[in-house]
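If you use full-length UniProt numbering, the sequence shown corresponds to residues 1 to 889, in order.
Since the hints were derived computationally from the structure, they do not count as laboratory data. Be aware that a few hints might be false.
Keeping only pairs whose Cα atoms sit at most 25 Å apart, straight-line, the calculated SDA-like set for lysine to any residue is [said to hold, decoys possible]:
1) LYS118 - ALA129
2) LYS118 - HIS67
3) LYS118 - LEU146
Ranges of calculated distance between the beta carbons of each label pair, as one might list FRET restraints [to be verified]:
4) SER320 - VAL396: 35 to 43 Å
5) PRO442 - ASP814: 21 to 29 Å
6) LEU71 - THR225: 28 to 36 Å
7) GLU388 - GLY529: 49 to 57 Å
8) THR225 - ASP328: 29 to 37 Å
9) GLN82 - ARG459: 37 to 45 Å
10) PRO442 - THR584: 43 to 51 Å
11) THR584 - ARG444: 41 to 49 Å
Given the structure is predicted, the values throughout are model-derived calculations rather than measurements. Built from N, CA and C at the ideal position, the CB exists for glycine as well.
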Amino acid sequence: MERATGGARMGAWRLGRLAMAQLGLTRLALGGLVLALAGCGGGGGGGGAAGTPGSTVEGAVAGADYHPLNLGDRWRYVDGAQAPTWVEVTGSESTGSGPAMLMQTEMPPDRYTQRIVKTASGVVLVPGADEDPVLQALGPLQLLRLPLVAGDDWVLAERALDGRFDVDLDGIPDAMTVRMQATVLGFETVVTPAGTFSRCAHVRTVLTRTAQLSSTRRSVTTTLTSDDWYAPDVGLVRNRLVDSSDPPGTSYEMSLTHYRVAGRSNDGTAPTVASVTPLAEGQAYGGFPEVRMVFSEAMDTRSGGTAQITLTHESGQVMSGTTVWLDDRTLGLMQGMALPSGRYTARLTGRATDQAGNALADAPGWRFTLDASGPAATLVQPLAGATEVALDTRIVIELDEVPDPLTVTPSTVRLIDQRASSDVPATLSLSDRTVTLTPSAPLRMGGRYMVSVSGIADRHGNTAYGSSWTFGTDPGRFAAPQALFTNAGITAAAIGDVDGDGRADALVAVGFGWGAADEFTLQLRRSLGGGNFAPAQTVATIAAYGAEIGSLQMADLDRNGRLAVVAAASGRGLQIFRRQADGTLASSQVIDTPHSAVVRVMDMDGDGRPDLVSAPFYGDAVSVWLQQADGRFGTATVVPVTVGSFGDIDVGDLDGDGQPDIAVVNGNSPDAPVSIVTRTAGGGYAAPRVPALPNAYAVAGVAIGDVNGDGRADLVLAQSGSSLVTVLAQQADGTLRASAQVSGIGNTQRVRVVDLDGDGQGRLDVLSWSWGGYPIALNRQRRDGTLGAVESWPVDDYGNWRPDLAAVGDLDGDGRPDLLYAGQWLRQRAVAWTEATATPQAAPRRAAAATAAAASARLGAQAPAARAGSPLWRALIRPVPAAGSVAGR
Numbered sequence: 001m002e003r004a005t006g007g008a009r010m011g012a013w014r015l016g017r018l019a020m021a022q023l024g025l026t027r028l029a030l031g032g033l034v035l036a037l038a039g040c041g042g043g044g045g046g047g048g049a050a051g052t053p054g055s056t057v058e059g060a061v062a063g064a065d066y067h068p069l070n071l072g073d074r075w076r077y078v079d080g081a082q083a084p085t086w087v088e089v090t091g092s093e094s095t096g097s098g099p100a101m102l103m104q105t106e107m108p109p110d111r112y113t114q115r116i117v118k119t120a121s122g123v124v125l126v127p128g129a130d131e132d133p134v135l136q137a138l139g140p141l142q143l144l145r146l147p148l149v150a151g152d153d154w155v156l157a158e159r160a161l162d163g164r165f166d167v168d169l170d171g172i173p174d175a176m177t178v179r180m181q182a183t184v185l186g187f188e189t190v191v192t193p194a195g196t197f198s199r200c201a202h203v204r205t206v207l208t209r210t211a212q213l214s215s216t217r218r219s220v221t222t223t224l225t226s227d228d229w230y231a232p233d234v235g236l237v238r239n240r241l242v243d244s245s246d247p248p249g250t251s252y253e254m255s256l257t258h259y260r261v262a263g264r265s266n267d268g269t270a271p272t273v274a275s276v277t278p279l280a281e282g283q284a285y286g287g288f289p290e291v292r293m294v295f296s297e298a299m300d301t302r303s304g305g306t307a308q309i310t311l312t313h314e315s316g317q318v319m320s321g322t323t324v325w326l327d328d329r330t331l332g333l334m335q336g337m338a339l340p341s342g343r344y345t346a347r348l349t350g351r352a353t354d355q356a357g358n359a360l361a362d363a364p365g366w367r368f369t370l371d372a373s374g375p376a377a378t379l380v381q382p383l384a385g386a387t388e389v390a391l392d393t394r395i396v397i398e399l400d401e402v403p404d405p406l407t408v409t410p411s412t413v414r415l416i417d418q419r420a421s422s423d424v425p426a427t428l429s430l431s432d433r434t435v436t437l438t439p440s441a442p443l444r445m446g447g448r449y450m451v452s453v454s455g456i457a458d459r460h461g462n463t464a465y466g467s468s469w470t471f472g473t474d475p476g477r478f479a480a481p482q483a484l485f486t487n488a489g490i491t492a493a494a495i496g497d498v499d500g501d502g503r504a505d506a507l508v509a510v511g512f513g514w515g516a517a518d519e520f521t522l523q524l525r526r527s528l529g530g531g532n533f534a535p536a537q538t539v540a541t542i543a544a545y546g547a548e549i550g551s552l553q554m555a556d557l558d559r560n561g562r563l564a565v566v567a568a569a570s571g572r573g574l575q576i577f578r579r580q581a582d583g584t585l586a587s588s589q590v591i592d593t594p595h596s597a598v599v600r601v602m603d604m605d606g607d608g609r610p611d612l613v614s615a616p617f618y619g620d621a622v623s624v625w626l627q628q629a630d631g632r633f634g635t636a637t638v639v640p641v642t643v644g645s646f647g648d649i650d651v652g653d654l655d656g657d658g659q660p661d662i663a664v665v666n667g668n669s670p671d672a673p674v675s676i677v678t679r680t681a682g683g684g685y686a687a688p689r690v691p692a693l694p695n696a697y698a699v700a701g702v703a704i705g706d707v708n709g710d711g712r713a714d715l716v717l718a719q720s721g722s723s724l725v726t727v728l729a730q731q732a733d734g735t736l737r738a739s740a741q742v743s744g745i746g747n748t749q750r751v752r753v754v755d756l757d758g759d760g761q762g763r764l765d766v767l768s769w770s771w772g773g774y775p776i777a778l779n780r781q782r783r784d785g786t787l788g789a790v791e792s793w794p795v796d797d798y799g800n801w802r803p804d805l806a807a808v809g810d811l812d813g814d815g816r817p818d819l820l821y822a823g824q825w826l827r828q829r830a831v832a833w834t835e836a837t838a839t840p841q842a843a844p845r846r847a848a849a850a851t852a853a854a855a856s857a858r859l860g861a862q863a864p865a866a867r868a869g870s871p872l873w874r875a876l877i878r879p880v881p882a883a884g885s886v887a888g889r
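Just need the whole structure built from these sequences, with the hints factored in.
Dropping the structure here:
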């Protein structure tokens, strides 16, 4: 065989070094020759005798087998550094020299197999086709000549290997001869870790190598001497290897520690399990517990062994892991992933043997309980998902076990303001299993907060997976959003009495819904009174993917007290729906036009019939559609004006001449972010004019209405780049001037003018919103005509850019206008009307009722007769005004 011990590995390394420099033999070939000379038991070991040879005694033991080759025979050797080598007879194979036994040598992690033929006349190494070319070139080698007789000698090989190997690596094959001769020196007593053996045959084999180097024309000779001791009926028990190229006196030795030959062994005691970890019926902690078995003696730890520890959870799941020998007595299981808490059964599977090959006597399984869980947390106060939590609340968290107090810190228990993305300053306290966070100041009205618990450990060091909960604080004027529609991709909303029962209904347009049956439809929920609604009714539309409805308007188009619905399917057309006798909606006309991203309703020609004004997603004109006597809308009047992407339009009297004008947003244009098209004396449209702005960048939304109480319609802009709401007030001469800029919400996109706060004075306020999860905002008009600071209310919907995503109306019949944002209902609650003391405007004010009535035309339809006298309803829902009135949104 090629190599059998760590000593052989060291000797072979030295021989390989010498061969590369002088003879050109590879390390593999020389190692094979050395181990073959050592009788397939291996050669060498790092210094020091493994047993002192005794003097020569009488000859071989009659009938004894000095080179056993029984299937299953095995030997274990160690060198001076205690590195192990295992030799085992593993099978048989036919060769040209006769039946051969296969001897496997393992020097972890390497493993080699050689073929040995034994006859009555000797023991022969037969190189296989898979072995080194040098061994194949030398052919079968007689390792021992039988019977063993003191003084007997024989030549194993004597052969020229000319022209086969390049010894000096100059590219030219060198001439080389190899001669091997063995001699039986006598019979001696040898002491090894495996025992004392008498009448051991001492065989010396000398390998002489001579090479003629082509590079230097020098002849180089080296000698390798292997002394081997064979014990009767045991085999090789000791080896010593000397290389002439090493310093004088250097030798490499190895000795037998264990053997099992023909059923006999130097160790017949079966190993047992000395201890286990965790203890049987014991308790373990952590996701990666130490699972180990310690045996009573050193074990066979070779990688080819089958001993495995299997770990089974009480659920029956076998846990993943890798079994490894931690030392020659300890077998451990390395978990592939963290283990869950529970009861486990550990068991040894496969075959575990000691170094002599004795199988484990008994390996019963054992059970233990694992606690791998840290303190789990439950939010007690406020409840997870709460929406109207008091601003002075404390956060109370209950743990399911007592924690390590040192791990309850502001970094493991946090209260996070989600809007500000920052931690809220708070005092933290712990009492047994209860954690309390007391904010240092009241929380924000309408705020969104997250409670985060992560990293709290118990006294055993177990930590739980992080937990988090969210809640919202008291939003004030509006209750927390309530999902009135659950459809995906809502693109527009409107509120009005669709079915004519005197109660306001909720209507939304549904866009792309990933194949849902309701996509590109209208969804109507009819009010049943008291904040209750009937299931949604579906109305088919002309909308499609890329042509979603982004603008919805409700108005009494026929002046018969019945609301109609106008839907703008962007780029595809305008669709008009009228109420049927049963209170449902049906399509009555489709206007095919690309000017259909935004639509507004207003009597543009003063004939008393409401008309339509529509704009494209972007383009160079808007369209005015006049209603004819039969209620249909005829050919459009095209009004040249630049419409920017994601733009907006509104209609109202911006120059005080009593005729409605058109305001158009041109988006991010720094030169003309908003344009105004006024009516001419002859009923036409003047060229667009651009009002001066104090901050012209990024206008996104526009609305028209009297927001300072002087009776004249003002121009109100949402400026997304600066998050401002800008008011251009109309002067007595009909011109516009910048009168106010107030902070809105982040990324302010759309703006409407409406009396939302119910102050009883009919004053119009400024409502604004964005998309991207921002809240809805309101700047209320105060007594002095100025706008107050922004108030905001959170919404759950991410929103989108479309201009009519929010609608205003009294959905529960309590006399207070509510908000419908996409599919969410923000119900206005009874809130005491307050405002900071301010000096009233000196300028005369027109009647509040008239102002409110003029503004309400942009919000809805004719009011039911029962509510027509209500100032609030007069402000929200009224007949379409005659020409010359002021309209606001």
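Hints, verified against the model:
Distance check on the hinted pair: LYS118 and ALA129 sit about 20 Å apart at the alpha-carbon level, within 25 Å; holds. In summary, the hint linking LYS118 to HIS67 is supported, as the alpha carbons are separated by about 9 Å, within the 25 Å threshold. Proximity of LYS118 to LEU146 is assessed by CA-CA distance (about 10 Å); at most 25 Å being required, the pair is judged to hold. For the pair SER320 and VAL396, the beta carbons lie near 39 Å from each other, so the given range of 35 to 43 Å is met.
The hinted range of 21 to 29 Å is satisfied by PRO442 and ASP814, whose Cβ atoms lie roughly 28 Å apart. With their beta carbons about 32 Å apart, LEU71 and THR225 fall inside the hinted range of 28 to 36 Å. Restraint check, GLU388 to GLY529: a C-beta distance of roughly 23 Å breaks the suggested window 49 to 57 Å. Roughly 33 Å separates the CB atoms of THR225 and ASP328, a value that falls within the hinted 29 to 37 Å.
At roughly 43 Å, the beta-carbon separation of GLN82 and ARG459 lies within the given 37 to 45 Å, and the hint holds. Here the CB-CB span from PRO442 to THR584 is close to 49 Å, well matched to the stated 43 to 51 Å. For the hinted restraint 41 to 49 Å between THR584 and ARG444, the CB-CB distance of approximately 44 Å keeps it satisfied.
Hint 7 from the earlier list is the only one contradicted by this structure; the remaining hints agree with it.
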